[in-house]
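Peer 1: Work out the full structure, taking the sequences as your base and the hints as a guide.
Residue numbers (the UniProt record's numbering), protein chains in the order written: chain A, 1 to 289; chain B, 1 to 289; chain C, 1 to 289; chain D, 1 to 289.
No lab work stands behind these hints, which were simulated from the structure alone.
Be aware that a few hints might be false.
Label pairs and their calculated CB-CB ranges [as the list claims (entries may be wrong)]:
no. : chain 1 : residue 1 : chain 2 : residue 2 : range
1   : D       : Asp167    : A       : Ala72     : 27 to 37 Å
2   : A       : Lys249    : B       : His189    : 29 to 39 Å
3   : A       : Glu84     : D       : Gly283    : 32 to 42 Å
4   : C       : Arg93     : A       : Lys154    : 36 to 46 Å
Glycine residues also receive a C-beta, built at the ideal position from the N, C-alpha and C atoms.
Chain by chain, the residues run as shown.
Protein chains: 4
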Amino acid sequence: MLFSNTQQPTACLLICCPDKPGIVAGVSQFLYQSGANILDASQHSTDPREGLFFMRMEFLLPNLDKAALEAAFQAQVATPLQMEWTIDYSDRRKQMAIMVSAYDHCLLELLWRWKSGELQVDIPLVISNHRTLEKDVANFGIPFHHIPVTAANKAEQEAKTIQLLHDHQVDFTVLARYMQILSANFVKHFPQRIINIHHSFLPAFAGAKPYQNAYARGVKLIGATAHYVTDELDEGPIIEQDVARVSHKHTVEDLVMLGRDIERQVLTRAVKAHIDDRVILHGNKTIVF
Amino acid sequence: MLFSNTQQPTACLLICCPDKPGIVAGVSQFLYQSGANILDASQHSTDPREGLFFMRMEFLLPNLDKAALEAAFQAQVATPLQMEWTIDYSDRRKQMAIMVSAYDHCLLELLWRWKSGELQVDIPLVISNHRTLEKDVANFGIPFHHIPVTAANKAEQEAKTIQLLHDHQVDFTVLARYMQILSANFVKHFPQRIINIHHSFLPAFAGAKPYQNAYARGVKLIGATAHYVTDELDEGPIIEQDVARVSHKHTVEDLVMLGRDIERQVLTRAVKAHIDDRVILHGNKTIVF
Amino acid sequence: MLFSNTQQPTACLLICCPDKPGIVAGVSQFLYQSGANILDASQHSTDPREGLFFMRMEFLLPNLDKAALEAAFQAQVATPLQMEWTIDYSDRRKQMAIMVSAYDHCLLELLWRWKSGELQVDIPLVISNHRTLEKDVANFGIPFHHIPVTAANKAEQEAKTIQLLHDHQVDFTVLARYMQILSANFVKHFPQRIINIHHSFLPAFAGAKPYQNAYARGVKLIGATAHYVTDELDEGPIIEQDVARVSHKHTVEDLVMLGRDIERQVLTRAVKAHIDDRVILHGNKTIVF
Amino acid sequence: MLFSNTQQPTACLLICCPDKPGIVAGVSQFLYQSGANILDASQHSTDPREGLFFMRMEFLLPNLDKAALEAAFQAQVATPLQMEWTIDYSDRRKQMAIMVSAYDHCLLELLWRWKSGELQVDIPLVISNHRTLEKDVANFGIPFHHIPVTAANKAEQEAKTIQLLHDHQVDFTVLARYMQILSANFVKHFPQRIINIHHSFLPAFAGAKPYQNAYARGVKLIGATAHYVTDELDEGPIIEQDVARVSHKHTVEDLVMLGRDIERQVLTRAVKAHIDDRVILHGNKTIVF
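Peer 2: Pasting the structure below:
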């Protein structure tokens, strides 16, 4: 976080490989010899039975050809250590799409943080199945695409949406309270590329009407969960969660209102972590550095 | 809370009745004419479809015969307004039993708070199916009863336990990580009289091994729930809940360790609320004033 | 909170008087006989040395002449019990002004919550010493007044502002990060009528540059404080406070960014409490029911 | 945390040096060649004007002579990179003393966590200026030293205490609500070796009677701060802080009671971080990895 405003471009390397001695040494030696200065490093070893090692390294990008750097890394480090890895560069901003229905709170929170410089992405488009928020989006100078969805046209609407996301070279999509369930086919096009906000503390109250169900159960905290979308509803890897205290005084409408604040915070933190390359998938769980 | 240390005895009235104008006036007028000074009052009206009114009133006890006060209240206020009500007096401390297995953290937290004067109850006995904590309990000068339980002797062990609780005129029992499931028959003897601490944020991870299940799901918060025991496992009315933040770094053992802190806090707050007559049951939910 | 959306108008009575038996009975009896149904009641007694009693009662407004109701209350209840009191009616929305400089986060949070119906007030005007946020305010359809301030014109600018607030019959003013210190004369016109958000956990880091000072001291939490403005800088009665966790990783710029979220939440909660007549002043402290 | 229970001994290296490329590579290469497997690594670079680099590396200890390892590290890595560094080994438990007056809550919390295995230290002695807690300490099988302190004997009492701490080869001392101010001379003997818990959110309410002052100011949160003791009262480097919500309902006595819970939590977390070699001093601030 602290280096995100630095002038010189940075790179962020995410790594997963079998755990063994020498990985930190191998990677850091390679970066040193390439002229890169490490700014931040985090690592995680799973328990020995699984034996996996995960690492995030952020470094000042040396004045080198990126393709050459990547090829050298593959040959000298990644192949010998059986690594899966990705690299992202701060001088190439991610392209983030937002899908939304008619609730404005998550959308506006993202747009306001984007405008204020907190979210270092481009937002080439917002897609909605309603026209409700068209003007709000226009105020931020972002193109708004209205793609209505009905039971009858769902496949067609999804095809059109997939096409739009591809056309805009979108890196990932945020469902900012998008009230439609995406088909397995849709999700398949964007693995670990769709972030959803669910308005409960999962796995409690998965599915529809979580605030009503929380009210009926009489819980003393309500929550929200940001997760990657998989083809199992509300079962994807959790990125971030938080809760707020409620009491017998709160009606379902109160829970909805209080929940908006948690949804905004949780979704924002998850989106930031994704933008900053802090999230690595590990099975159905996340490592958030 | 702030009046619990006052010298003059106080009384606490809990009320449930159909909502209609004049209830506060009726009760407060009665208390005023009886010479009682109201110290604290809380009320709650359910939504109009249900139409119920709940109230808690704490007052300095006038120098009157308690039975006479209660009879007058029944005749002049409760009957006309179709009230269910209870009254408790600060000069008669509640009798609290604790049941525990081998984990010490919830037990010691309760005993330390009791010793420090935070919990204004008597603790006539601790019952355990193990001898592990016998010396810890003895250090506080409280009788310890060891009643082993096996698959074969469960009915007999429960009968013995029920007898003990009755013999000691126990008002309520706290399961401070008691690792046995109580039979429906046992629970039936003590309706809204048994408080359990479950080591998850219910309704997530009900049943056995909540920390393992939380770990497997990759949640970012773990929780604990204090609730009244009913004959449906982990489905009773929730009194209090809280959570703590966890991450991919935490093993199941870490979750168990971090969870102990939440369990201690949540159980303590629930027990305090019960002791202070702050909890009213409303269906399967609680009103905690 | 739960009754704020009810159709029938409500009234809210705030009371302060010497503590003695019979106050609740007197007020509730009066309301009952006036045909009012009490929706919510809260009370607070200070310690016996001070001997003060505070109460908030919200009730469904009977179909009566308001002036007659108030006169009767004064004669029958307030005078005998030596009460100071105020009453507010839900069918007369408060008029809230906002003063702001160039930071948008607190302003937009208030405006968004107002638009979404969370803040039940009218906002007749926003006043700023800069033009920076003119368009943002216009998007919400609220008049924006630009009143520049310099060392030379400060008295004149304040006079103009006071006039504007009076012209719009403003009930209270929110300083949503207004970066000017108001003169004692200005404050004197609006006692307990100006709410400020200070970007620290007061009394720590009063005055200028709280985030820089928090950074220099190495605190592990940063905070924000909403308080009524008095003529002693950052010394007014505190309405609400909250904090967020920080670490050595955070630069001053990070603290500023993280602080925005706390400022938004804390200011919003304070403004809501004020709008809902939940705040009573007691010396330099607040009672927030 | 997650590796603290591993069977094979581990070592923890703390480093501070001028920031420049190659530090991570240099250290990790050295450890790799020494046969050490890195378990966890954290690093922090200050802003470029200061240009400092801090790192913590925890690794499985290779089967080597410790003195030889340290000498080689000094020659090959530390000297060339101008490092200040320390190393600690898990197979040599730290010796922790506790000083306490008459409040038991912080002491018992530490002792209970020590007994439960959460605090991996030896506790060779508890020192108190009162006999109040002698039996509590004896229950844990730890020697209790009673050293009364008066205005007259303070120098002598401190000399005796210093001698005791030296005799027991104490690594660090925890002031678990020790109600005496240590002299500058005392503190000088144990730089960054004394952890104190102050019962306020510093820098607010430094000095005596913080709960009274918090009450008088009408704050809405109370806090606690764990810090290293320096010769400026309550001005030492902060390790950990936390807060709890309070309201107008709470008396000073209530704040004291609620504060105990925060003090226990905050002190415990600070002591754990110190034991686990997670804290590096940086001027008057701490880096807590």
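Peer 1: So, for every hint listed, does it hold in this structure?
Peer 2: How the hints compare with the structure:
1. D:Asp167 / A:Ala72: 27 to 37 Å: 59 Å, violated
2. A:Lys249 / B:His189: 29 to 39 Å: 32 Å, holds
3. A:Glu84 / D:Gly283: 32 to 42 Å: 41 Å, holds
4. C:Arg93 / A:Lys154: 36 to 46 Å: 43 Å, holds
When each numbered hint is compared with the structure, a violation occurs for hint 1 only.
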